[in-house]
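If you read the sequences in order, they're chains D and W. Under the numbering used here, the first residue of the first sequence carries the number 4, and numbering increases by one thereafter. Under the numbering used here, the first residue of the second sequence carries the number 5, and numbering increases by one thereafter.
Quick caveat, the hints were computed from the structure, so don't treat them as lab data. These figures come from a predicted structure and were not determined experimentally. Each hint should be verified, as a subset may be incorrect.
Only pairs whose alpha carbons sit at most 27 Å apart, straight line, appear in this in silico DSSO-like list of lysine-lysine [unchecked claim]:
no., chain 1, residue 1, chain 2, residue 2
1, W, Lys117, W, Lys37
2, W, Lys70, D, Lys81
3, W, Lys117, D, Lys81
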Amino acid sequence: METLVVAVLLTFLVVIAIGIIVLRDLLGAVILLGVYSLVAAGAFVVMDAVDVAFTEAAVGSGISTILFLGALSFTSHKQKPRGHDSVAALVFVVITGGVLIYGTLDMPYYGSAESPAQTHPELAVRFIEESGSEVGPPNIVTSVLGSYRGYDTLGETLVVFAAGIAVLSILGLKRRRPEDEVLEDAPGDTARGASDNQQAYKE
Amino acid sequence: MTQLIGLYSYWVVIVLMMAGLYIMIARYNLVKKVIGLGLFQTSIFYLYITMGKVEGGTAPILVEGKELVYSNPLPHVLILTAIVVGVATSAVALALIVRIHETYGSIEEDEIKDIEAMEPDA
Chain D
4 METLVVAVLL TFLVVIAIGI IVLRDLLGAV ILLGVYSLVA AGAFVVMDAV
54 DVAFTEAAVG SGISTILFLG ALSFTSHKQK PRGHDSVAAL VFVVITGGVL
104 IYGTLDMPYY GSAESPAQTH PELAVRFIEE SGSEVGPPNI VTSVLGSYRG
154 YDTLGETLVV FAAGIAVLSI LGLKRRRPED EVLEDAPGDT ARGASDNQQA
204 YKE
Chain W
5 MTQLIGLYSY WVVIVLMMAG LYIMIARYNL VKKVIGLGLF QTSIFYLYIT
55 MGKVEGGTAP ILVEGKELVY SNPLPHVLIL TAIVVGVATS AVALALIVRI
105 HETYGSIEED EIKDIEAMEP DA
């Protein structure tokens, strides 16, 4: 039964992915990407990954969609209706996919309890058996995230911090006007050259 | 037949990944490329979660005094990290696209290349 639900949700995902490829309207594609994340979150619940499901629903489907909508409000909604050279891309994608599918033939089957990932004594087995006494929280994912793989989470925080700084510095540069630039010529500031380019293009 | 049922989810995930890759290669619109990247990322999340599932298992939250089968919590942790990092990277990509649009007035890759060709020293 569970397998059937997962199979149906997977089929939904394929339909949505085809919709994203076909749609020329970027707004529609962004909304479809949000729907895609939400359907994936539903499938994660069926596959017992509840923490991942609510993170995917909140971050993947919520915040990510808002970011895309914000970017679209600064740019344009329409993808230019032009024929692209997609035959080479299609051949490349089909070959890559074929190789990957060939690679899955050795993989443990869906739901297998004997696969190496499930039976490695230092990983999943230890987390499930010992985390209650070693760390404490009943949610094993919390224990692994905060304790066993704590440095991983620290690194994640660092990446998010770096990304925040990057976004601020990329978008912050545009506030400078060319006349301000003459007064304070900050090193490494490219806003002036950029606006000059734009002017040159308009001419 | 058992192979079909056992590996079906992997195969569909690969189809989804290739859909994202195709968008990234064949579409010239930069926002569409980032959408393709998001599609690819979410498919990889799906692949990991699929590998963590144990038949007849339940969510990895300990219940006192019961012998339950739990699904593997490790892929869940890895993907939690990956979701947040994925959003951070697409935020940087979108910020760059906004700046490109301001500079070139376009987010179509081929148009930007034409502008660059007209202004070699730009």
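Requested in this report: Could you check the structure against the hints above and give me the numbers of any it violates, in ascending order?
Outcome: As far as the earlier hints go, only 2 is violated by this structure.
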